[in-house]
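Position 25 of the sequence shown, counting from 1, maps to 25 under the numbering used here, and the rest follow consecutively.
No lab work stands behind these hints, which were simulated from the structure alone.
Glycine is no exception: its CB is placed at the ideal position from the N, C-alpha and C atoms.
Any given hint could be a false lead.
Label-pair restraints from in silico Cβ distances [as the list claims (entries may be wrong)]:
(1) G20 / N70: 26 to 32 Å
(2) N70 / P18: 30 to 36 Å
(3) G19 / R46: 19 to 25 Å
(4) A56 / L6: 20 to 26 Å
(5) D54 / L6: 29 to 35 Å
(6) K24 / H66: 26 to 32 Å
(7) E40 / P18: 16 to 22 Å
(8) L7 / E30: 23 to 29 Å
(9) K4 / L57: 19 to 25 Å
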Amino acid sequence: MSDKQLLHIVIGGELQAPGGTDFKDLKAVEFVGAYASYEEAKTAWRAKAQSTVDNALMRYFVIHAHRLLNPAND
1 MSDKQLLHIV
11 IGGELQAPGG
21 TDFKDLKAVE
31 FVGAYASYEE
41 AKTAWRAKAQ
51 STVDNALMRY
61 FVIHAHRLLN
71 PAND
């Protein structure tokens with residue numbers, strides 16, 4: 001693989017309020033997947049978000065996990 005892997009994680013679930021980011025039930029948060037690029041994660045995010053468009057409280061997020069990983073500080 002010539003491209004650098006940049007870990008992105010897609011998660012989602014039902015929120016407490018439409019404009020917020022607090023999940024109604026953390027145990028029910030769905031792990032959609034881990035992806036090596038933002039574009040792959042965005043594709044997965046879009047598919048999940050569009051499949052739940054009828055529920056105003058459902059939200060999916062792309063987490064830029066590569067920004068959180070720093071082995072030198074572990």
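Results of checking the hints against the structure:
| no. | hint | in the structure |
| --- | --- | --- |
| 1 | G20 / N70: 26 to 32 Å | 29 Å, holds |
| 2 | N70 / P18: 30 to 36 Å | 34 Å, holds |
| 3 | G19 / R46: 19 to 25 Å | 20 Å, holds |
| 4 | A56 / L6: 20 to 26 Å | 31 Å, violated |
| 5 | D54 / L6: 29 to 35 Å | 32 Å, holds |
| 6 | K24 / H66: 26 to 32 Å | 28 Å, holds |
| 7 | E40 / P18: 16 to 22 Å | 28 Å, violated |
| 8 | L7 / E30: 23 to 29 Å | 18 Å, violated |
| 9 | K4 / L57: 19 to 25 Å | 36 Å, violated |
In the structure shown, a violation is registered for the earlier hints numbered 4, 7, 8 and 9, in ascending order.
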